[in-house]
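Chains as they are written, first to last, in our numbering: chain B, 1 to 291; chain P, 292 to 582.
Source of the hints: derived by calculation from the structure; they are not laboratory data.
Every residue gets a Cβ at the ideal spot worked out from N, C-alpha and C, and that includes glycine.
Where hints are given, some of them may not hold.
To spell it out: a stretch of chain P is covered by chain B in this simulated footprint if at least three of its residues, at any positions, have a beta carbon under 8 Å from a beta carbon of chain B; those stretches are [as the list claims (entries may be wrong)]:
no., stretch
1, 401-414
2, 417-426
3, 463-470
4, 473-480
One-sided excerpt, in silico: chain P residues whose CB lies under 10 Å from chain B [claimed, not checked]:
no., residue
5, A446
6, E484
7, A486
Here are the chains, one letter per residue:
2 protein chains.
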Amino acid sequence: MSGSKCARLSAALAKQVLDSVDSAVPGAPQVINLLKENGKKVFFVTNNSTKTRKMYVDKLSVLGFNAKEDEVFGTAYCSAMYLKTVCKLEGKVYLIGSNAMREEMEAVGLQQTGVGPDHVLGKQTDWANVPLDPEVKAVVVGFDEHFSYMKLNRAMQYLTQPGCLFVGTNRDTRLPLEGGQIAGMGCLLQAVETAAQRQAQTVGKPNHFMFDCVASQFGVDPDRCLMVGDRLDTDIMLGSNCGLKTLLTLTGVSTVADAEAHQKSGCAERQGMVPDYYVESIAELLPALQG
Amino acid sequence: MSGSKCARLSAALAKQVLDSVDSAVPGAPQVINLLKENGKKVFFVTNNSTKTRKMYVDKLSVLGFNAKEDEVFGTAYCSAMYLKTVCKLEGKVYLIGSNAMREEMEAVGLQQTGVGPDHVLGKQTDWANVPLDPEVKAVVVGFDEHFSYMKLNRAMQYLTQPGCLFVGTNRDTRLPLEGGQIAGMGCLLQAVETAAQRQAQTVGKPNHFMFDCVASQFGVDPDRCLMVGDRLDTDIMLGSNCGLKTLLTLTGVSTVADAEAHQKSGCAERQGMVPDYYVESIAELLPALQG
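Bound conformation, chain B alone (with noise of 0.2 Å):
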C-alpha cells in the first residue's frame, strides 16, 4: 500500500498527524512541565470561546501539557463568572456563540438561549416585532459559527430594552490559523454593537478580568507573576493593565518592531503594548529551568 492514500496509522505517523492538525510551540509543554515541576503556578489564559475548560485541558494533554481544569480561563469560562460575580446576572442570557459557553453557563447556574442555528423565517415586519423571551436580561456574543441576520437583529431587539446588559467575549478581529486566518468574533461583536448603538463590555483580554479570575482563586501576587504571550494587543496589554512583568513571544503575529513602534510613539496607551522582555521562543527558557 506504500504511496497510496489509505495508510496504516503507525504510533510515529499518528505523533504526527496529530501535530500537523494542531502543534504546540516545540519546547513549549517541557518549559510548561518543568516551570510546575519547579513549584511555579501556571495558567492558561485564552481569549478563544469556543472551548470549555475541560475541553482545553483535553487538547492540551494531546499536546504534551500537564494541565489541570483549574488552571484554563478561557473566555467561555469566564464571561460566565462575569455575569455571575460581577453583573450578579438574574435573568437569562440571549447568546450569540458556542455550545462551549452555553456548558460554562449552565455549569454556574446561568440559563441560556440562542445556541445554534437562526436562519431567515418571515418579512421585514415581523423581524420588527421578533418574539422576545421576557426573562432575558442580557446579551452575550462570543465566536459563533452560527451567526446570521436573524441573531443579529434580535439582539438588537434586546438591547433596546431598558436595563438589558451587553457583554462580548473579547475583540479579535481575525483568528489566525495553520494555513491561513478566519473572521474573529471581533467583527460580530462590532456588527452588534454598530445595530445596538451602544458599546458592549468584553471580558477577555486585554481586560484586566481574566486576571481577577486567577488572582482571586488562586491569590497569586501581580508583582510576582510574568505574562508570556505572541499578541502585544491582548497578552502584553493584559500584563501591563495588571501590574505583570510581561514577555512577548515571537512565535506568533507580533514583532520586536511593532513593540519598538510602541515604545517610540509617545503615547501613553500605546506603552501598555511594549513588553519588559522578549524571547524567540518560550523554547528559550528550557536551559535556565534545566540548569
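With chain B's structure known, arrange chain P on it following the hints.
Just chain P, lined up with the frame of chain B:
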C-alpha cells in the same frame, strides 16, 4: 360572517389593508403627481437595496404615485451602475445582498455569486482555506437577510487578495418600519470592514454618486434642484454634498431640534446636515401647487 376573522375583501377594505401594510405619507402622492403635471422632473432616491427599479415602480403605483422605472434610483441599481461606469469592473462580484441586487447587476451585464443562504459547513481550518472563485474581483455588500458567518469569512478571504474592490450600498445602521425597526445593512458592512481591515466605498446617500446618476442621465442643473427627505444624515447631507437646495420633512426620524443642534455645533461637517427649509409634511406643498 360579521366579526369573524375571515372577511370578504371589499374594495374599500382592500385599500385599508394595503395602507396598513405600507402607506404613503398622506398627500405625498398628490404632491408628486402635481409636480410632474406642472412640468417638474421628479426622481425617487432610496438607500434601500432590496428592490429593483421595476419593483419600486410597482410599489409606488400601489401607493398612488405616478412613477416610471428610469425615475427610480435605488442602491441596487446605483451599485450596479457604480461598478460598471466608475470602477469599470472586469470580473465577477462576490455579492452579499438581495435578489434585487443580483437582477440589477445582471441587467448591466455583471456576473455575480453569493446570493442566498450560505450555512456553516466544515471546521475552522476549512474556513481559512475556503474555495474562492478566481474570477471574483469585487466584494459588494448590501442588505442581506441571509447574512452569515460563512459569508463574512468568505468576503474577508476575497478582500485580502490584492486588487479586490470593496463596495457597500450604504451605511444606514437601522431600518425604520411601521411597528418598530430592524438592523440595517450598515451593521453587516461594519462586520465585513472589521474583518477585512479595509473601508468600503459606499454608493448610497449621502455619497454624491446617487445624484451624479440622476444628473448624467437627465442633465439636471444642481442650482435648480430641491432634495426632499426625512433624514438629515443621508438625504439632507446628499443635497448639501451636491449643491442642491434641501427640504426636511418631519414625517420621519429627524427633528428640527436635530437640525438646530447641527447648526449650533460650529462643526463644518455637521453644517451639511442643516436643511434650507423644513415642513411638517410634504403635503404642505399642496396649496402652492393647486393655487
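*For which of the previously enumerated hints does the structure constitute a violation, in increasing order of number?*
Going through the list in order, the structure violates no hint and respects every one.
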